[in-house]
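Participant: Protein chains in written order, with the working numbering: chain X, 1 to 88; chain Z, 89 to 673.
One or more hints might be untrue.
Here are the simulated distance ranges between beta carbons [said to hold, decoys possible]:
id, chain 1, residue 1, chain 2, residue 2, range
1, X, Glu76, Z, Lys500, 37 to 43 angstroms
2, X, Lys80, Z, Leu144, 27 to 33 angstroms
3, Z, Val504, X, Leu7, 33 to 39 angstroms
4, X, Asn67, Z, Met299, 48 to 54 angstroms
5, X, Lys80, Z, Ala313, 46 to 52 angstroms
6, Z, Glu185, X, Gly39, 25 to 31 angstroms
7, X, Lys10, Z, Lys340, 53 to 59 angstroms
8, Z, Glu399, X, Lys80, 17 to 23 angstroms
9, X, Asp70, Z, Glu399, 34 to 40 angstroms
10, X, Asp70, Z, Lys500, 44 to 50 angstroms
11, Z, Ala375, X, Leu7, 46 to 52 angstroms
12, X, Asn67, Z, Lys127, 30 to 36 angstroms
Some residues of chain X that are not near chain Z, with every Cβ distance over 10 angstroms (derived) [claimed, not checked]:
id, residue
13, Met1
14, Ile3
15, Glu4
16, Lys29
17, Gly39
18, Lys40
19, Asp59
20, Glu77
21, Glu85
22, Arg86
Calculated lysine-lysine pairs in the BS3-like style (CA-CA distance at most 27 angstroms, straight line) [what the hints assert, rightly or not]:
id, chain 1, residue 1, chain 2, residue 2
23, Z, Lys206, X, Lys10
24, Z, Lys455, X, Lys10
25, Z, Lys206, X, Lys38
26, Z, Lys119, Z, Lys228
27, Z, Lys199, X, Lys58
Note that these hints are calculated values from the structure, not bench results.
Owing to the predicted nature of the structure, the values given are computational and were not obtained by experimental measurement.
Using N, Cα and C, we set each Cβ at its ideal position, and we do this for glycine too.
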Amino acid sequence: MLIEKKLVIKNEQGLHARPAALFVQVANKYESDVLVRKGKEEVNGKSIMGLLTLAAGKDSKVYLKVNGPDAKEAAEELEKIISGERSE
Amino acid sequence: MILKGIPASPGIAVGKAFLFDTRRFMVPEKKIRKDSLPKEIVRFEEALIKTRTEILEIQKKITKEMGSHHAEIFNAHLLVLEDRMLIEEVIGGLKKEHKCVEYIFARVLDKYINVFAKMNDEYLKERISDIDDVGKRVLKNLLGAEEKTLSGLKEKVIVVAYDLSPSDTATMHRKNVMGFITDIGGRTSHTAIMAKSLEIPAVVGLEKATMKIKSGDTLIVDGTAGVIIVNPDNSELKKYQERQNQFIKLEKTLVNLKDEPAVTMDGHTVELSANIELPEEISSVIAHGAQGIGLYRTEFLYMNRRGLPNEEEQFEAYKGVVDKFSGEPVVVRTLDLGGDKFLSQLEVPHEMNPFLGWRAIRFCLAKPEIFKVQLRAILRASAFGNIKIMFPMISGVGELKQAIGVLNEAKKELRVKNIKFNEDLEVGAMIEIPSAALTCDLLAKEVDFFSIGTNDLIQYSLAVDRVNEKIAYLYRPTHPAVLRLIKNIIDSGHKEKIWVGMCGEMAGEPGFGLILLGMGLDEFSMSSAAVPGMKFTIRNVNFKDVKELAEKVLTLSTSEEIDKFVNKRLDELMPSLKKIKKVPA
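Chain Z with its partners taken away, still in its complex shape (with noise of 0.2 angstroms):
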């Protein structure tokens, strides 16, 4: 049984699995006799209390594993604890009716998750997971119930759960969870999140995962593609097994490389760089050995939350990145919003066709107020470091003349108010859009650099929508139409004498690695994970060698052929890769 979710953080796990069963406890509806009544009061303000203290240790603890921010929400549990309204309702519920406090409190916290479901607000949605998560604590201390938690695995699994709350993440026992798998939750929330920054593979919004599957079952989490494949035959596991155990094997000896260059052995030098969408992830980076930022996507700072960021708080979580940095380049892109990410706060009106609609830039231009406080919180930024700004989503000429504009604008304003900023600010274009990759030639002549956005462009130029899986097989990203693009663009930048990077997925995978590096491609941007084994593939060939079989693969005629030209390829210079997939046949 193959189930899919949306990948929240990349890696492969295989193991058994562990049922988390986080469901509420079953609450009696029990009289109590009204001379008992104050004993039940103590009763609920010693739980109170005893969750308090757990509440704050558990706080503590991640303050000092995981730093201070991460424990932020805890300081929203305190305030629903110690709510007023809540603990006069409950004793106000007990004097009334007699039955005891644990039923009483269960029905009060019903009744506001019900009111916070109803709000058409994603912000207060979310909230209920706090007062949730609050609320099981209080009750398993009036039931003197034993805790629920992941603290004591005492083998390796992979949880699977309805939803992690912060609680239980943060109590789990890590060595010995490999993976996470849960029924609801995006790529943002608080499970992604924690799990990236964990760096276990994780996939979240699987629906009904807990109903599928049991504890026990034998699962292999594809945290990359966002696929659970439940009990897998032999070959299937036996092919996963293989590229997990070769990867670690690999990443173990990969250690080594992090502080070389990506040189290849005759002396071509490129560079390899990171995506990343949250400045959790920089120590990876940084552990990885990539040099530097090629991909900052900045939507997580828009999502989760009521309300625009303002230039206050986005300078601060730019600075924030640079400061992680020593001079390495930070290439931050500009809101990029629409498709398959929109945001709750900005009223987007539904589209039938959301990849070709009102999008990244195109809204940017439309709504300058918004897009100004993010140039200026980046040029401000870019006093403190070496940022980069990408705008995404370019058509063509105008539109990119268009985009300075409003940047010029808004270095205008910081001068004014003498507020400081790097003048030489480099500015590039992300280059997805066919029109853009077969005009950029004058492109080039307007900004600094070139990052080509592949997922975009194979999607755009081979109308395949990526997420249809019935089409999956065409999205191929050797169709020698996509190849072509690829050499026009990088052709044509070094031709203006600007550089040209890719931030798509393509720039991670070695065997596509191998044509971009013959291709003459300057800058690899890539999942931080993925940046030891590309730098390996680099430092192991000779450019002479990648620059014929770029020439060659220019020559064939279709995405199959390519594809078993490089890994046949690629087997030859490298025999120690042979066992990871190369190019996904």
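One chain only, chain X, in its complex shape (with noise of 0.2 angstroms):
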């Protein structure tokens, strides 16, 4: 299955720090693929240093693609974190 979602990163941290280190740990539980993207760059979502380099702060919109036999509850944990609606 494949999920594509337009987002609007919430979290006051944006996808830095603790809210990117726990983006990638939760990415990393499921099976699917998860990608990032930010303006031209995608990156896998499963990596720290990938979603570093995008830089995404508060307010800036990220495209989230997963892909796989979980994604649905992937992409439904992932969104979580983007909204800001989970933070530990």
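Reassemble the complex: the two chains are provided individually, in unrelated frames, and hints are given to aid placement.
Facilitator: In structure tokens form, the structure reads like this:
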């Protein structure tokens, strides 16, 4: 299954530091591939270096692409981090 | 040769330099045959596994010795090490170029470091040191190189390095490190925090120390002033060694005073407390026998990070500090940024005259949404201990009332939500601007205490920039103008029956201490290392004598006369303190 979502980062700290680390940890729990795109740059959502190089601060727009057998659950959980709903 | 840097951890160390070369390994660019590609990938995997084991071991060691908070940074290291993109990029490079894995790995690492270095973001720039630390460890394991560590130090040295990574500080042989000095870093960098919690003198941000100092050079590290003297002449060496020896000797005898009150021989009691900026410093505060915190600088919570700390996080931090005390006061100073401290996440415009600019309470009153978060967090923590709140940079009654108004709004918000806080929380004003010092009879009616901030009070009243070397000789704490202002602040406070403290550096110097004690100061807050010396001083004089001394001092007309007179009286009253410099001449 392939899920694509256009999201706005609402987490206060953007996709940096703790939120980025959390995002990577969660992404790695799932079998599906996770890609995050900001502008023209697309990175592997299971990579902390990739996510940090995106330098996606609060209010920036990102595209989340999740592809695999558990894509639905993965996308839902990752969206919560981006929206700032979950921070621990 | 004298080098000036940023004071990171107080104290004096005299010893031999040990240049700790943390530069990168030389990496050969070797071609490999196509059929040895699998072997190369195995080598890479093995190096990663070995590195992981090493990091976990260091993390365990740090957790045990210094607590899990310090060990947290290694979680970030593990994330970098296990990073898929990094690993895939290295393996992809291997397959494409047929060059040895060291070469490919180093290149990929450099690429990331360059990307991060270009980012206009302090937090991400700081992450370079994590990547670098992990990368060096992997390369070392790939090359089978000896680990460059500080664990094998055979004699006592002062470590001189470009920068010290968490791994370096974690594995060093502590007993043999007398001080650190580094080219880069600021007051809140990792090295500075480590040095402070280990109580080792440190100076950071020296820029070119590693180029100017050779291993074996004799160094004097003055971690309090941020000064390094390289190969000092005999008189300088003697001066500092004597000061250091006396200090150590005195410290030993002072340990016994830890649980004694700060009371003069004729029964006048004052309170000695400590200035802190990190919760890590509390163990040192308690060890030195301070009776609480007279100044908790909260700026650190806002630094080295992206975004502002939220209410919950601040609440936890403040509660964490009061939890370590049983009823002793903890004076929390609200955000005092500006001047020489600024925050990357708040867009504060560049100012021509930052010390006279948009800073401290002025900034907070302009940004009540930021200010109130901190006030609510402090109020909530007040339910768990003896917290007092203090506003910095108050210039007059109007401003003070405005700040109290915001505090009252924060209280109201908590009451509505039924959240507990101390309804009798004491509120104080920091007196550090001459206009406040001259109107403190009016200010005293509005607050429960005053705390005199001498560093700024001196700079503002004498019009001397305290960071400008050329006019440093004019920065005189005993200038009659400064002493008259202080006397006025103490007297006005007492007239309204509020207590008056001091949280500037002046409060920790025995010579000044005598004057202040004689003027009737109630509380002295200083770096915790200065507490025993001040307590010893107070316990060895009569209040009657120092009152006379203070009266006499106020009749003298120059700072030179005053210093000379006070030093002479100090020698007479306490010959045992003689060798320590009391008032810097």
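Participant: Hints first: check each against the structure and report whether it holds.
Facilitator: Now for the hints, and whether the structure bears them out:
no.: 1; hint: X/Glu76 - Z/Lys500: 37 to 43 angstroms; result: 39 angstroms, holds
no.: 2; hint: X/Lys80 - Z/Leu144: 27 to 33 angstroms; result: 30 angstroms, holds
no.: 3; hint: Z/Val504 - X/Leu7: 33 to 39 angstroms; result: 34 angstroms, holds
no.: 4; hint: X/Asn67 - Z/Met299: 48 to 54 angstroms; result: 52 angstroms, holds
no.: 5; hint: X/Lys80 - Z/Ala313: 46 to 52 angstroms; result: 50 angstroms, holds
no.: 6; hint: Z/Glu185 - X/Gly39: 25 to 31 angstroms; result: 29 angstroms, holds
no.: 7; hint: X/Lys10 - Z/Lys340: 53 to 59 angstroms; result: 57 angstroms, holds
no.: 8; hint: Z/Glu399 - X/Lys80: 17 to 23 angstroms; result: 21 angstroms, holds
no.: 9; hint: X/Asp70 - Z/Glu399: 34 to 40 angstroms; result: 36 angstroms, holds
no.: 10; hint: X/Asp70 - Z/Lys500: 44 to 50 angstroms; result: 48 angstroms, holds
no.: 11; hint: Z/Ala375 - X/Leu7: 46 to 52 angstroms; result: 50 angstroms, holds
no.: 12; hint: X/Asn67 - Z/Lys127: 30 to 36 angstroms; result: 33 angstroms, holds
no.: 13; hint: Met1; result: 21 angstroms, holds
no.: 14; hint: Ile3; result: 20 angstroms, holds
no.: 15; hint: Glu4; result: 20 angstroms, holds
no.: 16; hint: Lys29; result: 14 angstroms, holds
no.: 17; hint: Gly39; result: 15 angstroms, holds
no.: 18; hint: Lys40; result: 15 angstroms, holds
no.: 19; hint: Asp59; result: 12 angstroms, holds
no.: 20; hint: Glu77; result: 18 angstroms, holds
no.: 21; hint: Glu85; result: 14 angstroms, holds
no.: 22; hint: Arg86; result: 14 angstroms, holds
no.: 23; hint: Z/Lys206 - X/Lys10; result: 25 angstroms, holds
no.: 24; hint: Z/Lys455 - X/Lys10; result: 21 angstroms, holds
no.: 25; hint: Z/Lys206 - X/Lys38; result: 18 angstroms, holds
no.: 26; hint: Z/Lys119 - Z/Lys228; result: 20 angstroms, holds
no.: 27; hint: Z/Lys199 - X/Lys58; result: 25 angstroms, holds
Of the numbered hints given earlier, the model fails none.
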